[in-house]
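Here the sequence shown is numbered in my numbering, starting from 1 and rising by one per residue.
Keep in mind the hints are simulated off the structure, nothing from the lab.
Since the structure is predicted, the reported quantities are computational estimates derived from the model, not experimental observations.
Ideal Cβ placement from N, Cα and C applies to all residues, glycine included.
Some hints could be false.
Unchecked claim - Quick list of simulated restraints, FRET-style, between CB atoms: (1) L87 with V65: 31 to 37 angstroms; (2) V75 with P44: 20 to 26 angstroms; (3) L11 with V42: 24 to 30 angstroms; (4) E2 with L78: 19 to 25 angstroms; (5) I56 with L87: 21 to 27 angstroms; (6) I46 with A18: 29 to 35 angstroms.
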Amino acid sequence: MEKVDQAINALLALFASAADAVLAGLAAVEQWLRTQLSGLGVAPQIQTVIMIAVAILLLLLVLRVFGGIIRVVLVVFLILLALHVVLPLAHA
């Protein structure tokens, strides 16, 4: 049981680290793009619309490129979570 908890905690820590890295990268890209758009004289409202469009395009690109990996990680996580829930019931 302890090993399953360790595996789940390690996987959650990995997810959290990956999410932090992705969000830091997205924040840097957003800041750079906003600076470029401001330099071109684009209004803040238009910048927001452009940023939303860029975010949607990035999301579609990530799902297209890493879709298989995301599915595998999600399945592994759900299996570990199910084991975490079922194992205490099996010992009772």
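Comparing the hints with the structure gives:
The given range of 31 to 37 angstroms is respected by L87 and V65, whose C-beta atoms sit roughly 35 angstroms from each other. Checked against the hint of 20 to 26 angstroms, the C-beta distance between V75 and P44 comes to roughly 42 angstroms, which is inconsistent with it. For L11 and V42, the hinted distance range of 24 to 30 angstroms is not satisfied, since their beta carbons lie about 42 angstroms from each other. For the pair E2 and L78, the beta carbons lie near 20 angstroms from each other, so the given range of 19 to 25 angstroms is met.
One distance hint, 21 to 27 angstroms for the beta-carbon pair I56 and L87, is violated here, with the actual separation near 41 angstroms. Against the hinted window of 29 to 35 angstroms, the Cβ-Cβ separation of I46 and A18 comes to about 32 angstroms, which satisfies the hint.
Hint violations for this structure: numbers 2, 3, 5, all remaining hints satisfied.
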